[in-house]
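Trainee: The listed protein sequences correspond, in order, to chains E and C.
Residue 313 in the numbering used here sits at position 313 of the first sequence; the count goes up by one each step and never skips.
Offset between the second sequence (1-based) and the numbering used here: plus 571.
Please keep in mind that the hints were generated in silico from the structure rather than gathered at the bench.
It is possible that part of the hints are untrue.
[To be verified] Straight line, CA to CA, 20 angstroms or less: simulated SDA-like cross-link-like pairs of lysine to any residue: (1) E:Lys21 / E:Trp281; (2) E:Lys21 / E:Phe35; (3) C:Lys665 / E:Trp281; (4) C:Lys665 / E:Thr455.
[Claimed, not checked] Quick look at which bits of chain C chain E covers, simulated, 3 or more residues with Cβ under 8 angstroms: (5) 615-625; (6) 711-723; (7) 742-756.
[To be verified] Listed next, the stretches of chain E that the computed footprint assigns to chain C, with coverage defined by at least 3 CB atoms under 8 angstroms from CB atoms of chain C: (8) 101-113; (9) 164-174.
Glycine residues also receive a C-beta, built at the ideal position from the N, C-alpha and C atoms.
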Amino acid sequence: MTANGWAQIAVFSIILLAITKPVGRYLVRVYDGSFHWLAPVERLVYRWGGIDPTDEQHWTRYAASLLIFSGVSCLVTYVVLRLQGHLPLNPEHLPGVVDRQAFETAASFTTNTNWQSYSGETTMSYLSQMTQLAFHNFASAAVGVAAAVALVRGIARESGGRIGNFYVDLVRGTLYLFIPFSIVLALLFVQQGAIQNFHPYVHAATLEGATQTLPMGPVASQEAIKQLGTNGGGFFNANSAHPFENPTPWSNLLQMLAIFIIPAGLTWFLGYMVKKQRHGWAVWAAMFLLFLGGAATAYWAEARGNPIHAARGVDVVASATNPGGNMEGKEVRFGIASTALFATVTTDASCGAVNGMHDSFTPIGGLVPMVNMQLGELVFGGVGSGLYAMIVEIVLAVFIAGLMVGRTPEYVGKKIESREIRVVMVYILVYAFVVLTFAAVATVLPAGLAGLNNTGPHGFSEILYSFSSTVANNGSAFAGLTGTTYFYNTMFGFATLFGRFAMMVPALALAGFLAERRTAPESAGTFPVTTPLFTALLVSVILIVTALTFFPALALGPIVEHFLMHAGTLY
Amino acid sequence: MLRNQLRPAIVITALLIVITGLIYPGIVTAIAQLVFPAQANGSLVAANGQTVGSSLIGQSFSQPYYFHPRPSAAGSGYVGDSSSGTNKGPTDRKLADTLIAQAVDSAVKNEGAEKGHIPSDMVTSSASGLDPEISPANAALQVARVARARSVPPERVQALVAAHTEGRQLGFLGEPRVNVLELNLALDSVVAPPKADHK
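Whenever a hint applies, use it, and build me the whole structure from the sequences.
Mentor: Below you can see the structure in the form of C-alpha cells.
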C-alpha cells in the first residue's frame with residue numbers, strides 16, 4: 001500500500017461528500033415537478049401515451065404500470081436482438097443473437113443488471129447497442145429511481161396509499177436527470193480518449209507488420225449512462241478496463257463518481273422529503289462506513305499481492321516505478337489502488353462495470369465485491385434500488401430497536417406493524433433464497449460445473465459470485481465462468497428478474513402501506529433516526545443479516561481459498 | 572385495466588427508444604466529432620501515411636529492438652476485437668506455473684532480470700488484454716536489450732524512455748506509465764531499426 005493509493009481513496013470520498021447535497025437538491029426539483037425546460041417534450045409524450053400527469057396512482061397501480069412497462073420493453077429488446085442481422089446500423093454484418101442469449105440479455109438489461117454473456121464487439125450491432133441496450137440503461141435506471149422516490153413519498157405523505165404517477169416519474173427522470181448528466185459526462189470521456197463514432201472497424205498495419213482490428217462505435221455515450229444509471233454493461237468485453245471505454249485515471253475517477261452521485265444524492269433527497277435532513281446524513285454515514293471498510297480491505301488485499309506469484313519471482317512490493325501487488329487482470333494506468341477502489345464502488349452500487357478482472361483478484365480482494373453485493377446493493381447502491389434496499393433495512397433496524405425498548409416501533413412518525421415487517425421479510429428472504437438455491441443447483445449439476453474456468457474453491461466462488469451478482473442486479477462477474485450455455489443463460493435470466501421485481505414490488509407495497517398511515521408526532525419513546533447511534537445500529541443490522549445468511553457459503557469459497565493460497569496450494 | 576396500461580407502456584417504450592437510443596447518441600456524436608475528432612475516432616496513430624494503430628490500444632511486439640508490452644489474453648495476444656483477461660484465479664496452477672513462471676524465465680533470460688525483482692506488470696496479463704502501457708520499472712529493464720539490438724548506447728534509449736514516461740494524472744491519479752507504441756515509434760524515428768530482420 002502507498003500513501004498515494006490512500007490519497008486516491010480519500011480524494012474520491014471528499015468529492016463524494018461535497019456533491020451529495022447539490023445532487024440531492026437537483027433530484028428534489030426533478031421529481032417534485034419544478035423543472036419545466038423540456039415541458040413541450042413532456043407534454044407530447046403524455047399526450048401520445050394517454051397519460052394524465054396529475055393522476056396519482058395507488059401503489060398497486062404504480063407497481064402494475066412499472067411491471068407492464070418493463071415487460072413490454074423487455075419483449076421489444078428480445079425481438080430486436082433476434083432480428084439484428086436484418087436491421088440497419090450494422091456495419092460489421094453481425095447476425096441475430098441466439099435465443100437463450102437474447103432472452104438473458106433482454107432480462108438482464110431490463111432489470112438494470114447488465115450481466116453480459118456475450119462480447120459486445122463481436123455480437124451486438126450499433127443499432128442494438130444504442131436503441132436497445134443504451135435505451136434500457138436509461139429506462140431501467142429511471143424505473144429504479146422512480147421506485148425509490150415513490151417509497152420516500154410513501155414515508156413522507158398521508159395519502160391513502162397513493163405514491164405518485166409511474167410514467168411521470170419515468171419520463172421526468174429520463175429527461176431532466178439522466179440525459180443532461182449523460183451528455184456532459186460522455187463529452188468528458190471523449191475528451192480523455194473514449195471513442196464516439198459510427199465507423200466500421202479500423203484495420204491497422206502494426207509496426208511489426210501484422211494487421212490489428214480496432215473496434216469502433218458510439219462508446220462514450222453508452223459509457224456515461226452505463227455508470228450514471230449503475231447499469232454496468234460495457235460496449236466491449238473488457239468493460240471499463242478497455243482503453244476505449246476508460247482511457248485514463250481521470251476518466252476512471254469520473255466513472256467511479258458517476259456510479260455513486262445519484263445514490264448519494266438520494267440520501268439527501270430522503271432527508272429533505274421527510275423533513276429531517278440529519279436523517280439523510282445518518283443514512284449517508286452508514287453507507288459511507290460500509291463503503292470505506294470494503295475499499296480499505298480490497299486495497300490491502302490486492303496491494304499485498306499473491307505469495308504464490310511472489311515465490312515464482314514477481315516483485316509484489318510497490319515502489320516509485322513498480323506497481324507491485326497483484327497486477328494479474330489489472331491495467332497499468334489504474335494500478336492497484338484505483339482498481340480496488342473501482343471494484344468496491346461498482347459492487348457497492350449495483351453497477352457491475354469493472355476496470356479489472358475480479359476473477360483474478362486475491363481471495364480477500366474478491367470477497368469484498370461478493371459481500372458488497374450480498375449486503376443487498378445498499379451501500380449507496382443501485383440508482384433508486386440502493387435507497388429502497390436501505391429503507392427496508394432501516395425499517396428492520398427501527399423494528400429491532402422498538403423490540404429492545406418494548407415500544408411500538410415507528411419510522412419518521414409512521415408506525416411499523418406486522419404487515420410492514422412482513423413485506424420487509426419477503427424482500428430480504430427473496431434475495432438470500434434465490435442466490436443460495438440457484439448456486440446450490442449449479443454446484444451439483446454437470447451443466448453448472450461445465451462452465452467453470454477455475455477448479456477448487458475458486459470454481460465455487462465463480463458460481464457464488466455469478467448468482468450474488470445477477471440476483472442483486474449487479475452484473476459484474478468472475479468472468480472466467482462461461483455463461484453462454486442454455487443452463488446459465490436461462491438461470492441468469494430468471495435470477496435477474498427475481499432479483500428485480502420480486503424485490504421491487506415488496507418495496508412499493510411498503511410505500512403504499514406507509515402512505516396509508518397517519519404521521520404521529522414524535523414522543524419520548526421514539527427511537528431517533530438522526531444520531532450516530534442510529535447509524536451504528538443500522539450498520540450492525542445489515543452486517544448481521546448478511547453474515548448469518550452468507551457466511552457458510554463464503555467459507556467454502558473465498559475464505560478457504562485465502563488460507564490455501566497462503567499454504568501455496570494450486571488447482 | 573390491462574388495455575389502459577398497455578398503451579402508455581408501448582408508446583413510452585417507442586418514444587424513449589427514439590430519445591435515448593437515437594437522439595441522445597446523435598447529439599453526443601455530433602459534438603464529439605466537432606470538438607474532439609481525434610479522440611472520438613480512436614486516437615489513431617499514423618506513420619509514413621498509414622494507420623499503424625491507436626495510442627490507446629496495445630499491440631504485439633516481439634522483435635528485440637522494440638520494447639515489449641505485457642502478456643495479453645486478448646485472443647492470441649493483442650487481438651483488437653477480442654478484449655479479455657485470463658480470468659485465472661489466485662490459486663490457479665496454469666497461471667502460476669505456466670503463464671507467470673514462463674514470463675519470469677523469459678525476463679531473466681532476455682532482460683537479465685533478477686528473480687524476486689521482476690516488476691509485477693511485466694509478467695501478468697492486463698484486464699483488457701489491450702493494455703497500451705508498461706510500468707517505468709518494466710521499461711527500464713528492457714533498455715539494455717533494445718540498445719544492444721539497435722547498436723546504440725543505452726543512454727540514448729534511456730533518454731527516450733524518460734521522455735515517454737507519463738506521471739500520475741493531476742499528480743496523484745493512477746500510476747506512472749510508459750506508452751509502448753509511442754515509445755517504439757519514437758525509437759524508430761531516432762534510430763532506424765536494424766535492416767536485416769525488418770520486414
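Trainee: If a hint holds in the structure, say so; if it doesn't, say that too.
Mentor: Results of checking the hints against the structure:
1. E:Lys21 / E:Trp281: 10 angstroms, holds
2. E:Lys21 / E:Phe35: Roughly 18 angstroms between the alpha carbons, so the hint for Lys21 of chain E and Phe35 of chain E holds.
3. C:Lys665 / E:Trp281: Roughly 48 angstroms separates the two Cα atoms, so the pair is violated.
4. C:Lys665 / E:Thr455: With a Cα-Cα distance of about 11 angstroms, the restraint between Lys665 of chain C and Thr455 of chain E holds, given a limit of 20 angstroms.
5. 615-625: holds (count 7)
6. 711-723: With 1 residues close enough to chain E, the hint is violated.
7. 742-756: holds (count 9)
8. 101-113: Check failed, 0 qualifying residues.
9. 164-174: holds (count 4)
In terms of the numbered hints stated before, the structure departs from hints 3, 6 and 8, listed from lowest to highest.
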